[in-house]
Amino acid sequence: MTTRRPATGGTASARRAVEAAGRVRDPEMPMLTLADLGVLRGVEVVRDAEGGEVVIASITPTYTGCPAMATMRDDLVHRLNDAGFARVEVRVVLDPPWSSDWISERGRAALRAAGLSAPGPAPRRTGPVPLTLGPPRSAPPCPRCGSAATRLTSEFGATACKALYSCTGCLEPFEHVKEI
Amino acid sequence: MNDDHGSIFDGLLGGDSSQWAFGTDFEDPLAGVDTTTPDGVDPAELAAYCLMLGDDALIMSQRLSEWCSRAPDLEEDIALANMALDLLGQARLLLARAAAADPRVVPGLPEGSPVPPEDALAFFRDDRAFRNVRLAEVANGDFAHVVVRLLLFSTARLALLERLCVSRDHVLAAVAAKGVKEVAYHRDWAGRWFVTLARGTEESRRRLLAALDALWPLQAELVAPHPLEHSLALAGVGVDPVSLRDPVDAVFGQVLTAAGLDRPERAPLAGVGGRTGRDGLHTEALSLLLAEMQVVARAHPMGRW
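Protein chains in written order, with full-length UniProt numbering: chain A, 1 to 180; chain B, 1 to 305.
This is chain A alone, in the form it adopts within the complex:
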């Protein structure tokens, strides 16, 4: 490990790195950028002992087993390479754990525009997690027709972060990003 210091006078390249990383999209939900999903936790440009620029990008998994992490890493490296940064390190941040509250307003609008239901506020607990034997929580409105008459099909969907619902109004199934 070489000694590193923050890039001085490199605000322009830092801005360029943040912009390039900010354009990378989620491989499973391509309507969202990693930044909008809240998975991209930081981008900084440092200089190594020889004065070379190194971009350090930090990402956090939405769920522990998220299989898209490798693709996200590769996409970040490639897009930053394209932006002129030859050396890129992608680090994992585990703490604090990802929360659906980190999805930006722009991200929520993009989800809705793609027919997905955006998450409500994540539960905040102080004590032990209560067991829920009944229907989980109030069902989200249908992202297609707006009807409130929807029902849960499964709390587990095509990716770890989504649940399946169907609308009893327009009869369409839809995916809902879970509140965690």
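The set of hints was computed from the structure by calculation and includes no laboratory data. This one's a predicted model, so the numbers in the text were calculated from it and none came from an experiment. All C-beta atoms in this analysis are idealised placements derived from N, C-alpha and C, irrespective of residue type, glycine included. Certain hints may be false.
Short derived list, chain A residues pointing at chain B, Cβ under 10 Å [what the hints assert, rightly or not]: (1) P61; (2) Y63; (3) P128.
DEER-style ranges, computed between Cβ atoms [said to hold, decoys possible]: (4) B/G112 - A/T168: 57 to 67 Å; (5) B/G260 - A/P130: 37 to 47 Å; (6) A/G134 - B/R263: 20 to 30 Å.
Fit chain B to the supplied structure of chain A, relying on the hints for placement.
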């Protein structure tokens, strides 16, 4: 935009080994995470503890993934695969953490092998080196069996992870904080199906009771005292399983009441000479599971995938 590497086939063209070497993921799942062993903690003990929690998740994940394409309907198939994936993710971090704490736990592989430490632990250890509870390893039965096993397993694991969030070990604390969110869903799923099957038809109730009868004796191991867990609990790193008994019992009470069932009266499955799964004593089922899980990796210790 330069699209030199826009094709999904680029990774197959060689050169970038990180893309496909032994699984398709980070070389180090703890890249950039502080893995210093906390003061006053024996690294070998910390590694053994991480193996206990990691092996529970890994073996349970393998059993759940065997359900893939065999569940009663598509939604439950996806649910079981999701839960298997969550636990596999937890296992990966915990095994990587074990290897970082004490590299001596990692089996030796031929010089130049691309297998990362957590994969070496998963695929190149023999059954007696696994420290999972026996509840995780017994062979799958019917749908009632997976429901009961998940309820017993996830109730104890959730109670454990909730307490582990304040561990002095930053990796364990972080894995726990994330795991709580995931395992809460697993427990709810199992609890709801438990009640549904108990209150369903005569046949579903009969099957549920048979699964409960078969699995209940295995549950005690999750909350049994163990010197290693006790020692790490005193060090502020681990959780003493005995302290989980009350919260676990309370949840079982809630589910059994909703299901209209009495608490089963079955004695815990005995160890041999005081040894249980936590000490590497397992049932034959684990050997068979590992034979299937490990065969490809063991045949190609130098393989790149």
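Violations among the numbered hints: Failing hint: just 5.
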